[in-house]
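> Construct the complete structure from the given sequences, taking the supplied hints into account.
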Amino acid sequence: MNAVVEATATLITNLVRHEEAGMAQQTGTHDSSDSSTLEAELAQLEEELATLQRDPLLQDLPTGLSPLELDQRVAYEHGHALRVMLDRGKLGLVEVIVRRAATIGILKQLVRLAIERHLAKRAAPVKEESQAADTSGMSATRKAARSANWTYVWRHHCLALDTQRLLDERARVQEVGLQEGDRLRFIRYVPEPLISKEERAAARRARGRDRGRGRGRGYGRGGSFAGPSAWPSMRPPLHAPSGPMQHGGFPPMYHRR
Numbered sequence: 001m002n003a004v005v006e007a008t009a010t011l012i013t014n015l016v017r018h019e020e021a022g023m024a025q026q027t028g029t030h031d032s033s034d035s036s037t038l039e040a041e042l043a044q045l046e047e048e049l050a051t052l053q054r055d056p057l058l059q060d061l062p063t064g065l066s067p068l069e070l071d072q073r074v075a076y077e078h079g080h081a082l083r084v085m086l087d088r089g090k091l092g093l094v095e096v097i098v099r100r101a102a103t104i105g106i107l108k109q110l111v112r113l114a115i116e117r118h119l120a121k122r123a124a125p126v127k128e129e130s131q132a133a134d135t136s137g138m139s140a141t142r143k144a145a146r147s148a149n150w151t152y153v154w155r156h157h158c159l160a161l162d163t164q165r166l167l168d169e170r171a172r173v174q175e176v177g178l179q180e181g182d183r184l185r186f187i188r189y190v191p192e193p194l195i196s197k198e199e200r201a202a203a204r205r206a207r208g209r210d211r212g213r214g215r216g217r218g219y220g221r222g223g224s225f226a227g228p229s230a231w232p233s234m235r236p237p238l239h240a241p242s243g244p245m246q247h248g249g250f251p252p253m254y255h256r257r
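Counting from 1, position 222 in the sequence shown corresponds to residue 222 in UniProt numbering; the numbering is continuous, with no gaps.
Keep in mind that the hints were calculated from the coordinates and are not lab data.
Just so you know, even glycine gets a beta-carbon here, dropped at the ideal spot from N, CA and C.
Be aware that a few hints might be false.
[As the list claims (entries may be wrong)] Okay, derived cross-link-like pairs now, EDC-like style, lysine to aspartate or glutamate, Cα gap no bigger than 20 angstroms in a straight line:
#: 1; residue 1: LYS108; residue 2: ASP168
#: 2; residue 1: LYS108; residue 2: ASP60
#: 3; residue 1: LYS90; residue 2: ASP182
#: 4; residue 1: LYS90; residue 2: ASP71
#: 5; residue 1: LYS108; residue 2: GLU180
#: 6; residue 1: LYS121; residue 2: GLU69
#: 7; residue 1: LYS121; residue 2: GLU95
#: 8; residue 1: LYS121; residue 2: GLU180
#: 9; residue 1: LYS108; residue 2: GLU175
#: 10; residue 1: LYS108; residue 2: ASP71
#: 11; residue 1: LYS90; residue 2: ASP162
#: 12; residue 1: LYS90; residue 2: GLU116
#: 13; residue 1: LYS108; residue 2: ASP162
#: 14; residue 1: LYS121; residue 2: GLU175
#: 15; residue 1: LYS108; residue 2: ASP182
#: 16; residue 1: LYS197; residue 2: ASP182
#: 17; residue 1: LYS121; residue 2: ASP162
[To be verified] What follows is a set of in silico ranges between Cβ atoms, one per label pair, in the way DEER data are often shown:
#: 18; residue 1: HIS80; residue 2: VAL190; range: 34 to 44 angstroms
#: 19; residue 1: GLU199; residue 2: LEU119; range: 38 to 48 angstroms
#: 20; residue 1: ASN149; residue 2: SER36; range: 34 to 44 angstroms
#: 21; residue 1: THR51; residue 2: THR163; range: 42 to 52 angstroms
Given below as structure tokens:
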């Protein structure tokens, strides 16, 4: 695997250099005497690419790996990463490779990528059957698996190693005791409230005291309910006219604005 990684890096470097040389030749800044050299390098690159495509180690790699996952697999070949399994119960196991020095936040990203790739792999046959049914005039009854809502997942669940909840995203994998072949699982997790039960009880008691001091609606200073006689603002004014009510049937102080 190390030779494959080195050959891949050399191939990428040569491709970049060849592309830069080709652009220089198009702009006229490249010497025409080097054209034969470029053709020889191109033939060599094509041969190296064909060799890499036939390599059995690369054929075992899953398709659609992200750069982050490729980095973890290279580290695993060098002995700097772990292979763990995500236990999903009846849904089966999902393999996750993570560096020993990676954080729990990186581990959560790798778990997400592994599950999404697993769902896409399962949905591929369903999608092909649906397309075949559409072309034959039949309605597709099964659809591809939907992608998970990871915002909801991480808000209500967390990763756990046995009974240990992995909550600190800045903690290292080697610090939490994760070993080769360990099994992770999702467990229900409800974040702790911002205030404790004692603080909530104190806030309720404070609201009750405020009502007793007359700050609540409809209560007097002593805590007893004050009737309409205690509301001077509700009494009709002394200068109210004795004749028919003005302003459309309302006293002046109750005039609708």
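> Quickly compare the C-alpha distance for LYS108 and GLU175 to 20 angstroms and report which way the hint goes.
holds, 16 angstroms
> Quick one, are LYS90 and GLU116 close enough, alpha carbons at most 20 angstroms?
Within the cut-off at roughly 17 angstroms; holds.
> Holds or violated: are the alpha carbons of LYS108 and ASP162 at most 20 angstroms from each other?
holds, 17 angstroms
> Against the 20 angstroms threshold, does the CA-CA distance of LYS121 and ASP162 hold or violate the hint?
violated, 28 angstroms
> CA of LYS108 to CA of GLU180, is that 20 angstroms or under?
holds, 17 angstroms
> Below or equal to 20 angstroms on CA atoms is what counts here, so check LYS90 against ASP162.
holds, 18 angstroms
> Lying within 34 to 44 angstroms: is that true of the beta-carbon distance HIS80 to VAL190?
Because 35 angstroms falls inside the window, the suggested range holds.
> Between LYS108 and ASP182, does the CA-CA distance stay at or below 20 angstroms?
holds, 15 angstroms
> Could you see if the CB distance from THR51 to THR163 stays within 42 to 52 angstroms?
Taking Cβ atoms as reference, THR51 and THR163 lie about 49 angstroms apart, which means the hint holds.
> Within a Cα-Cα threshold of 20 angstroms, do LYS108 and ASP71 meet the stated pairing?
Distance ~15 angstroms between LYS108 and ASP71 Cα, so the pair holds.
> For a C-alpha distance cap of 20 angstroms, please report whether LYS121 and GLU175 respect it.
This hinted pair is violated, its Cα atoms lying about 33 angstroms apart.
> Between the alpha carbons of LYS108 and ASP60, is the straight-line distance 20 angstroms or under?
Distance of about 24 angstroms is beyond 20 angstroms: violated.
Checked against the numbered hints given earlier, the structure breaks hints 2, 4, 8, 14, 16, 17 and 20 and satisfies all the rest.
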